[in-house]
Amino acid sequence: MSLLEVADLRVSFPGRGWRAKRVEVLHGVSLDVSHGETLGLVGESGSGKTTIGRAVLGLVKPSGGEITFGGETITHLSARDRRRLAKDIQVVFQDPYTSLNPSLTVGDILAEPLVVQGATAKDARARVRTLLDQVGLPADAAERLPREFSGGQRQRVAIARALAPEPKLIVCDEPVSALDLSTQERVLDLFIDIQRSTGVAYLFVSHDLSVVRHISHRVAVLYRGDLVETGQAAQVTSAPEHSYSQRLLLAAPVADPILQRERREERRRLAAA
Amino acid sequence: MEAMTAPSTEHILAIEDAAATSRIPIWKRLLKDPQAVVTAGILVIIFLLGILTPFLTQHGPNDADLSMVNAPVGTPGYLLGADETGRDIWTRLLHSINTAAISAIIGAGVALVVGVIAGLIGGYFGAVTRASTEWIFNLVMTFPGILLLIILMPVTGGDYRFTMLIFGVLLSPGIYRIVRNLVVGVKNELFVDAARVSGLGNLRILRRHVLFVVRGPIIIAAAFMAGSAIAVQSGLAFLGVGSLEIPSFGAMIASGFRNLYIAPTQFLWPSLLLGVITASLVLLGNALRDTLEGSKPTPVKVGIGQKVAPGNDVKARDASALLEVTDLGIAYRGPSGQPREVVRGVSLSVARGEVVGVVGESGSGKTQTAFATLGVLPAEAIITRGSILFDGKELVGLTDARMRPLRGKEIAYIPQEPMSNLDPSYRVGSQLVEGVRSALGVSKKEAKERVLALLERCGINDPHRTFDSYPHQISGGMAQRVLIAGAVASRPRLLIADEPTTALDVTVQAEILDLLRDLQSELDMAMLLVTHNFGVVADICDRIVVMQNGAVVEEGPAIEIFQNPQDEYTRMLLGAILDESAVRADPPAAALAEGVLQ
Chain A
379 MSLLEVADLR VSFPGRGWRA KRVEVLHGVS LDVSHGETLG LVGESGSGKT TIGRAVLGLV
439 KPSGGEITFG GETITHLSAR DRRRLAKDIQ VVFQDPYTSL NPSLTVGDIL AEPLVVQGAT
499 AKDARARVRT LLDQVGLPAD AAERLPREFS GGQRQRVAIA RALAPEPKLI VCDEPVSALD
559 LSTQERVLDL FIDIQRSTGV AYLFVSHDLS VVRHISHRVA VLYRGDLVET GQAAQVTSAP
619 EHSYSQRLLL AAPVADPILQ RERREERRRL AAA
Chain B
76 MEAMTAPSTE HILAIEDAAA TSRIPIWKRL LKDPQAVVTA GILVIIFLLG ILTPFLTQHG
136 PNDADLSMVN APVGTPGYLL GADETGRDIW TRLLHSINTA AISAIIGAGV ALVVGVIAGL
196 IGGYFGAVTR ASTEWIFNLV MTFPGILLLI ILMPVTGGDY RFTMLIFGVL LSPGIYRIVR
256 NLVVGVKNEL FVDAARVSGL GNLRILRRHV LFVVRGPIII AAAFMAGSAI AVQSGLAFLG
316 VGSLEIPSFG AMIASGFRNL YIAPTQFLWP SLLLGVITAS LVLLGNALRD TLEGSKPTPV
376 KVGIGQKVAP GNDVKARDAS ALLEVTDLGI AYRGPSGQPR EVVRGVSLSV ARGEVVGVVG
436 ESGSGKTQTA FATLGVLPAE AIITRGSILF DGKELVGLTD ARMRPLRGKE IAYIPQEPMS
496 NLDPSYRVGS QLVEGVRSAL GVSKKEAKER VLALLERCGI NDPHRTFDSY PHQISGGMAQ
556 RVLIAGAVAS RPRLLIADEP TTALDVTVQA EILDLLRDLQ SELDMAMLLV THNFGVVADI
616 CDRIVVMQNG AVVEEGPAIE IFQNPQDEYT RMLLGAILDE SAVRADPPAA ALAEGVLQ
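Residue numbers (the working numbering), protein chains in the order written: chain A, 379 to 651; chain B, 76 to 673.
For reference, chain B alone in the conformation it holds in the complex (with noise of 0.2 Å):
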C-alpha cells in the first residue's frame, strides 16, 4: 500500500490551525496561559529572594544565639522568630531556598546532560549500541534510589551537592527513554532521510534535526524533575542524613517537627514554602505541556449524535429518491472559536439501485458529505444548516440510538484505508461475524455459514483461511474484499464508498471495481462512491456530482459531464488527467547536446 492517500479536510483544517497558532512563539503563548504565568511568576519571585539573601538578612543561616531560643514570630532583627537553638528562622529559610535551587539544578542538569546524550545515542545508532545502552539504563533503574544515597553517604561525606549528583543519575533513565523512544520516532523520518542525503554528518542531524524536534518532551519532564531533585534533597535532610551545617528545608521541618508542641509555626513556615515550590514545578510542567504538545482534545458527549446548530428549518427537496441530501452544511471550529463552513450548501440525490460519484479534489468536503450522511463526523464538526433524507426519513439530528438500526443495515460503508478499519487483535472471521450478527440478529453459527458464503462471493479463494486469519496476515486488497464482504452481508440499500481503491495497487482496484459492479447490480443497491480518480469514476459510475470548495460545481449523468462538461472547474480537473497522448517526446538533455558536438 504504497500509494499515497489524500489529506483530509480535517487532516487540512487542523494544519491551518497548527500554522495559524505557529506564527505566535511559544514564550507569548504561555504569557497566554494563567497557569503558566502564575507558576512561573511565583517560581521566579522565590528564587529572587534566594539570590538576595545577603541584602535581607542580618545574621548567618548557622548563627546561634542562645538568648532567642525559640523566640516568637515578630521579635526585632527575628522576622519569623528563632529555632531551638537561636538560629534567625527567616534567614535559614532564605539559605534554604538556595540549597533547594542547587539541588534542582544539580539533579535535573545530570539527569538531563546523561539522558539525553545517551537517549540520542541509543536511538539513532544500530542495534548493538542501543542494547548496551539498554543495558545499562535498565541496571541503573533497579538500584533502590534513596537507599543508596542513603549508603554512599560515607562516599559522599555528607555533602547533599554530590548526593543530587549521584540522584541525578537515577534520575536519567527516565529522560533516557522519553528521548530515545522519540529519537526511534524521529529518525525513520523522511525528513532525516533527506538530511542524509543532503551530505549531513551524524552529529549535524543529531542536533538540528532530531534533537530540536524533540525538545518539548525534555523541557516538560526538566520541570519535573527539579521538583523531584527538591523533594528528595529535603527528605534525606528530614532523616537527617548530610551535613548538619547545610541549611534546608528539610533540616528546618525536622527541627520544628520536634518543636511542634512548643513553637507550632518553626514547623509552618519551612513546609509551606517547599510545598509551594514543588506544586509550582509540577503545575508549571503541566502547563508547559499543553502548550508545547498542543492543548487537549474536545470532550466527546456520547449517544446525542452529531451536532446541529440550531433553527435549522431547510425542506427536503424531493423524497422520492433514496438518498435527498439538501442544502446541507458542515462547519468546524476554528482557533479563535469562529466556525468555518467545510461544506457551504450541497444538494445532491442517490436514486435506487443508482451509482453516484462525488469527484474532487482533497478539501472539497465530499468525504465530510460522506460522513454526515453515514452520521459519523468527528465531534468539532458541526451541521449548521440542511436536511439528509434517506427513504424519506430524516437524519440530520438523529441520536446515535436511532441513527444506529440505520447504518451498517440500510446503510453500509467501505473506507479508504481497509487495514485501519479491522482491529488488529481479532481474527477477520470473528469480527464480520459480530458485525453481521448486529445487523440481522442471527444465531453465531447461521453468521459464520453467511459470512463464509459473503468472503467466497467476494473473490477470497480460500475463505475458511482467510476467516481465521488476524488482519496482518492477508494483503490490502484481500482487507478491502473482507469489508466489502461484511458491508454487503446485511443487503443495504445504500453502500457508501469512500476512495474504496486509492490505497491499493491498479491491478487490485481493477478487480475490487469489478466486484463492487457486479455485487451493486445483483442486490440492486445504490451506491455513493467519493473518490478523486476520474478513471474510477469512469468505470462505475452513472451520474456525477463535481465538487470544489465545499460546494457542488456540477453535476449530471457521467456520459455528458465526460464528454460536455459545462463548469471551467470540472474541464480544468478533465485537462489536468494525464492520459495516454501525454507522451513525453523531447530527447534527453545529453542526447541533444551530443548532437550539436556532432
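So that you can see chain A by itself, here it is in the shape it has in the complex (with noise of 0.2 Å):
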C-alpha cells in the first residue's frame, strides 16, 4: 500500500475581480508515493506542480479529488486533525531567505514542532543537537540567527526542521533552486543520505530535471495543470514518451559545446516536425 495517494486532485483559486470565474489550476490528477521512495515532480511555472505539494499540506483546499495517507482521508481535515498530521507530514520550502523566521535563533526554530508536539524543554535541545548533526551544522548554530548562514546552510537549518518530529513524508518545494551549483549537489546528497537512514519518503517538487534525476526513484511530468507521464526516473528523464517530456529534456542546456551543438539541433527538428 503507498503512502500517499492522491486521486482526481482539482484545485482552483478565485479569478481576478470582481464575480470573476475560478481558475482552475489542477485538472483531476492522480499520484502516489510509496514508503522510504522519493517522487518528483517537474513542470514549468504556473504547470501546478507547487500547488499539488501545498493541497498534500494543507496549505490550500482542493475544489475536488482526494488525498490519502497511511489509509486515512485527509483531503478535508479540521485544523485539530491537521495539528496532529504535523508529525507525519513536513515541508522543504523554496527560498531559504524567507522559510525561516528572522527574529528566532536556529534552536528555537528547531525545539518549537517538539515542544509543540509535547516535549520538554530538556529533550527538545537534545534532540536539536542531534538534528544540527544530522543535517551537517556545527553544535553552536542553535544559539545564532538565521542571518547569520549562507543559503545552503539555512537549507540545512529548513530540512532539521522538517526532520524534527520524524515524519513519514517531507513535500520538497524546489528545495534547491536557489543555492548554488557546488551547495545544491551536496544539500541534494544530504537528502539522499537522510532517506536511507530514515526511510522518509519525499514529494520532491522541481522545475529542473537533472535535479529530479538525482534524486527520484519515480518521476511524474506535470504540463499545466495535467500529468502528462509518469514512471521510472532513468526511463522519465533521460527517453520521454511524451512529446511535451522530450521537449523539456531537449530545452536543458548540457555542460558541454560540442553535446549542446547536437541537442540544439534536436530540438530544432523536433520543433519544426
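Watch out, some of these pointers could steer you wrong.
Here are the computed lysine-lysine pairs in the BS3-like style, where the Cα-Cα straight-line distance is at most 27 Å [as the list claims (entries may be wrong)]:
| # | chain 1 | residue 1 | chain 2 | residue 2 |
| --- | --- | --- | --- | --- |
| 1 | B | Lys-262 | A | Lys-465 |
| 2 | A | Lys-399 | B | Lys-262 |
| 3 | A | Lys-439 | B | Lys-262 |
A few chain B residues that face chain A, going by a derived Cβ cut-off under 8 Å, partial list only [as the list claims (entries may be wrong)]:
| # | residue |
| --- | --- |
| 4 | Glu-264 |
| 5 | Asp-268 |
| 6 | Ala-269 |
| 7 | Arg-271 |
| 8 | Ser-273 |
| 9 | His-284 |
| 10 | Val-288 |
| 11 | Glu-436 |
| 12 | Asp-580 |
| 13 | Val-611 |
| 14 | Val-658 |
| 15 | Pro-663 |
None of these hints come from the bench; they were simulated from the model. Every value quoted in this text rests on a predicted model; they were computed, and no experiment measured them. We put the CB at the ideal spot given by N, CA and C, even for glycine.
Now that you have both chains on their own, put them together as the hints suggest.
Written as C-alpha cells, this is what we have:
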C-alpha cells in the first residue's frame, strides 16, 4: 500500500475581479508515493506542481478529488486533525531566506515543533543537537540567528526542522533551486543520505530535470495542470515518451559545447516536425 | 517565474552587515545613539521627579494661601512662586507631571491594546473578519476626536482618566492600520506556512511568529502616541474642560495666561516642561525608528557618475579589443566604515563580435564587474583601481552626462528579471519608443515603426498587440523578448546580459538563447554574458571567464575550458553539474525492507 495517494485532485483559485470565474490550476491529478520513496514532480512555472505539494500539506483547499495518507483520507481535515498530522507530513520550502523566522534563533526554530508536540524543553534541546549533527551543522548553530548563515546552511536548518518530528513524508518544494551549483549537489546528497538512514518518503517538486533525475526513484511530469507522464526516473528523464517531456529534456542545455550543439539541432528538428 | 534568482553581491554584503549588527542587542545600539540617550534621559529625570513628588514638596497641589497670591519666584517655601489663588507652582508642576504620565499610559496603552489585537485578527484571518474590523475602525476614524471628548464630558464626569480611555480608542485606528498591514505582509511569508505545517495553532503563530516580527513599528508608534495623549489632555484642561481639581499643565498654562501681565513666569514653567516632554517623546520615537528599522540610505549625488578612489593610474593592457577591463577593483563600505573589496583586480577582454561568458557562483563579483562597465554601480560602491576601455575610450571616472551617449546606444543591457525592468504603469510600446527616440533621435512615428519591426524580429507573433499591452499582461518570456528588442534597437556594439534566462522556464530559455545567438551574428555584436549556468555558457559562448570571490581564476576558449579545465575551482564547479549519468540507482527504503522480509 502506498503512503500517499492523490486521486483526481482538482484545485481552483478565485479569478481576478468581482464575480470572476474561478481559475482551475489542477485538472484531476492522480499520483502516489510509497514508503521511503522519492517521487519527483517536474514541470514549468504555472504547471501546478507547487499547488499539489501545498494541497498535500493542507495549505490550499482542493475543489475536488481525494488525498489519502497512510490509509486515512486527509482531503478536508479540521484544524485540530491537521495539527496531529504535522508529526507525519513535513515540508522544506524553496527560499531559505524567507522560510526561517528572522527573529528566532536556529535552536528555537528547531525546538518549536517538538515543544508543540509535547516534548520537554530538555528533550527538545537534546533532539536539536542530534538534528544539527544529522544535517552537518556545528552544535553552536543553535544559538545563532538565521541571517548569520549562507543559503546552503539555511536550507540545512530548514531540512533539520522538517526532520524534527520524524515524519514519514517530506514535501520538498524546489529546495535546491536557490542554491549555488556546488551547494546544490551537497544538499541533494544530504537529502539522499537522510532518506537511506530514516526511510522517509519525499514528494520532490522541481523545475529542473537534472535535479529530479538525481534524487527520484520515480518521476511525474506535469504540464498546465495535467499529469502527462509518470514512470521510472531513468526512463522519464532520459528517454521520455510524451512530446512535452521530450521538449523539456531537449531544452535543458548540457554543459558541453559539442553535445549541446547536437542537442540544439535535435530540438529544432523536433520543433519543426 | 518560479525559478529563483541567485542573491547578488550587494545582497550578500547587506546580509553580512545585518549579521554583524544583529549580534549587538537593540538596547546597546540605542545607547550609541546620542539622540536616544539624551531624550530618554530627560524623560526619565522628569518622570522620576513626578514619582518623588511627596518627598519634594511641602504643600498639596490645591492648598491655597491667600497671603501668597502671585508670590514671586524664590519666595521661601514657594520656590517658583505661587499662582493667582496662592497655590505653590513647584508642587503643581510636579503633580502635573504625574497627570501627564497617567494620560500617556492610559491613552497609548488603550490604543496599543485595541489596535494591536484588532490588527492581528484583521490581518491574519480571512476576508470576512477583515472586512468587519476594517469597517469598525473606519467608523472610529470618522469621529471628530476633540469635539467628541468635550461632548462626552457629562458621561466621563470630568475625570481625565476616562477621557484618556476614550481618546485611546480614538487613537487605535492608527495602530490598527500599521499592525494590519504588517501582518498581511508577514502571514504569506514561508516561515508562517512552515509554522502551520509544524502543527502550531493560530494563537501561537500570532504570538511567536507574527507579533515578534512587527514589534518594531509598534514601539515607535507608541512613543508618538504617548506624546499626543499628553498634548490632548493638556489642551482640554487649558480649555477648562474637565475637573478643576486636577493639577495639569493645561490648567496651569490657562491660569498663567490670565496673569500674563502680572506674573509672566507663571506661564513659562508649565509651557516649558510640557514642550520638553512632548519634544523628547517625538525625538525618542525618531531615534527608535532609526535603530529598529535600519538607518537611512546613503544620499546619492546625481550626475557625478561612479565613485572612483583617488590615485588610480592603471594603464590598460591592450587597446585593440572592443572591451578591455584591466585590474578592476570595486569596494563597498562595511558597517565599520572600512571599504571591503568585492571585485579584486579583474582583467578580461571582449573582441568585436565575440561572445564571452562570465561564470561564477553568487558573491563572485561577476555582476558587479558588468555593472561597472555599464556605469550603473550603486552609490555605496567605489571603484578602487583599474581601467575599463571601451573601443579605446576610458569609462572609469566618466560623469553620467558623458556615459549616457554610450549607454543604451553603443553598450546595451538585458537584465535578469525582465518584469522589474518594465514600468508597470506604461504600455510596453511607449517605453520602447521612448528608449529608441532617446538613443537614435528619430521621430515618434519612425520609432514606432522600428519598434514594431523589432518586436516581430524578436519572435513576438502579434507585435501590435504586445505594443499596446501593459507589462502585467505579458508573460516573463515575452517581457524578455521585449527588452531584447529594446536593447538591440540602436544596433549596439556590445550587449551586456546579466543572467538573461535565469528567471525563465527551460523551454523559454532555449528560445531566448536561440534569439540572442541569431541577433548576435546578424548584427555582429559582441556579448558579455553573466551567468551561473554552464549549460547556457556551452550553448552560446566563444570564450569563458571563470570568477571566484571577486577574482578571475581561469579564462580561455569555451571548448578548452570544458574539456580541459586547469584550475581547481573550475574543475570543482564542472564536477558539481548534475549531468545525465547522475540517475538515482538505489531502490526505495521500503522496497528494501520488503525484500529483507521475503
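Consistency of the hints with the structure:
{"no.": "1", "hint": "Lys-262/B - Lys-465/A", "result": "22 Å, holds"}
{"no.": "2", "hint": "Lys-399/A - Lys-262/B", "result": "26 Å, holds"}
{"no.": "3", "hint": "Lys-439/A - Lys-262/B", "result": "17 Å, holds"}
{"no.": "4", "hint": "Glu-264", "result": "5 Å, holds"}
{"no.": "5", "hint": "Asp-268", "result": "6 Å, holds"}
{"no.": "6", "hint": "Ala-269", "result": "6 Å, holds"}
{"no.": "7", "hint": "Arg-271", "result": "7 Å, holds"}
{"no.": "8", "hint": "Ser-273", "result": "4 Å, holds"}
{"no.": "9", "hint": "His-284", "result": "5 Å, holds"}
{"no.": "10", "hint": "Val-288", "result": "6 Å, holds"}
{"no.": "11", "hint": "Glu-436", "result": "4 Å, holds"}
{"no.": "12", "hint": "Asp-580", "result": "4 Å, holds"}
{"no.": "13", "hint": "Val-611", "result": "6 Å, holds"}
{"no.": "14", "hint": "Val-658", "result": "5 Å, holds"}
{"no.": "15", "hint": "Pro-663", "result": "4 Å, holds"}
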